[in-house]
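Participant: Chain by chain, the residues:
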Amino acid sequence: MRDFAYHQPATVPDAVALLGSVSESRPIAGGMTLLPTLKNRLASPSALIDLAGLPGLQSIEERSFGLAIGALARHADVARSRLVATRIPALARLAGSIGDPAVRHRGTIGGSLANNDPAADYPAAALALGARIVTNRREIPADDFFLGLFETALGPDELITGVVFPAPKRAGYAKLRNPASRYAVVGVFVAETANGIRVAMTGAGNGVVRVPEFEQALATSFAPEAVAHLRLAPDDFASDMHAEAAYRAHLASVMAARAVADALA
Amino acid sequence: MPISFTLNGRSRTADVPSSTLVSDLLRDHMNLTGTHVGCDTSQCGACVVLLDGEAVKSCTLLAPVLAGRSLTTIEGLAKGEKLHPMQEAFHTQHGLQCGFCTPGMVMTAIDLVNHNPVPTEAEIREGLEGNICRCTGYQNIVKAIQAGAAAMAASTTAAAA
Ligand SMILES: Cc1cc2nc3c(=O)[nH]c(=O)nc-3n(C[C@H](O)[C@H](O)[C@H](O)COP(=O)(O)OP(=O)(O)OC[C@H]3O[C@@H](n4cnc5c(N)ncnc54)[C@H](O)[C@@H]3O)c2cc1C
Ligand code: FES
Ligand code: FES
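Quick note, the sequences are listed as chains A and B, same order.
Residues in the first sequence are numbered consecutively from 1, following UniProt numbering.
Residues in the second sequence are numbered consecutively from 1, following UniProt numbering.
It should be emphasised that the hints constitute simulated quantities derived from the structure, not laboratory data.
By construction, the Cβ of each residue, glycine as well, lies at the ideal position given by its N, Cα and C atoms.
Some clues are possibly wrong.
Short derived list, chain B residues pointing at chain A, Cβ under 7 Å [to be verified]:
no., residue
1, P17
2, V48
3, T60
Some but not every residue of chain A turned toward chain B, in silico, with C-beta under 8 Å [claimed, not checked]:
no., residue
4, Y6
5, G31
6, L35
7, P36
8, I60
9, R63
10, P101
11, V103
12, H105
13, S181
One chain only, chain A, in its complex shape (with noise of 0.2 Å):
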């Protein structure tokens, strides 16, 4: 690994002027994500802004119409929550299914959202939850969020500080987890909210992206048997090493199945 300089800034305002003065510089959360790809030299940035310091973007707080998760809450905080439990469980859930015990202690929320890896579990959460990621400088809904593989609408200098998530009715998160990575090889959310069925797939491909088709079904019909045999076009899905797109088309179908089951467990 190539060395770099590393700022512990204190505040958000340092933290972004860092990012903007210092020349190619990143910053760090959990490095869960950014340390592997460091130490692979897949990146050399020649600074490093740990956002660790900043104060208050850890806490997770119940908002009259769901909760306010800090940038900095980890997946570990956001599966043990109590608020979390009670007010949108499939999160729980889902930040529980994450990685696994010690990538759970260090990833956090906006690590994972500023990444937008298309195999990364909380993009499909904020997407069928119709969340809203706070920057230093506006709130971007989900929808205007993520723009394919790895790719974000974040400035070059802004920064995740937190999100935030409207309650569902009910809502349900179910994946085929990678045997080695734990990603999702295919998973789906879906959700019951104040604007009808929204159902979010993430694994396809190409990044998370609104499933029109699950949507308009379980509109009708909020039922596992709505999705179980309703085939997505296997052009839309990507074929790896990991799994053929016929094979993630099919998977779509039983995962919808299993999160519609999950969410009225």
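Guided by the hints, dock chain B with the ligands onto chain A, whose structure is given.
Facilitator: Same frame as chain A, but now just chain B with the ligands:
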């Protein structure tokens, strides 16, 4: 950069580049080679240590993060000649063959039992998601953790009595 932290109960200061991984700090600078490195993808768990009591992968942790915090490695568990109850359980239950994965298994197991003193077999297997063993087939590791959990409970009861 100089980094001051507590290592196995003693204050230490290390002066290393900020890009130093904690696994390298331990093995190359502190002469603590009980923490193993088995992969470069953060998946095998041989390197697990306790950071303020929580299991973390030392191969995916930068040394500056340690500042002001407390780190426990496999070398910090035994009291003199007396093994930690979880180490003892791995010994008596044959929870290892080559032993490469064992330090990470033991550290992960201690964190698991601290959160969940009487884990079920399913919870133990779930808790070991991030620890890979090429030898044992996991059966005896699970048995060792069950025995270690019981022994840890007994030793805290004994200490309280
Ligand atoms: C073995 C293993 C298994 C895993 N399994 C899963 C899994 O099953 N499901 C899953 O979803 N993920 C999985 N992950 C990834 C994990 O969830 C990471 O924690 C997450 O993707 C990144 O979070 P982080 O806090 O570690 O971010 P970092 O690695 O620190 O950063 C990731 C990226 O986001 C940027 N960034 C971080 N925080 C912010 C912020 N607040 N604002 C703007 N940019 C920011 C960084 O610059 C970097 O580009 C796994 C990782 C490992 C190592
Ligand atoms: S060496 Fe750390 S996870 Fe493999
Ligand atoms: S005992 Fe050999 S890897 Fe586990």
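Participant: So, against the hints stated earlier in the document, which numbers end up violated here?
Facilitator: Violated hints: 8, 9; rest satisfied.
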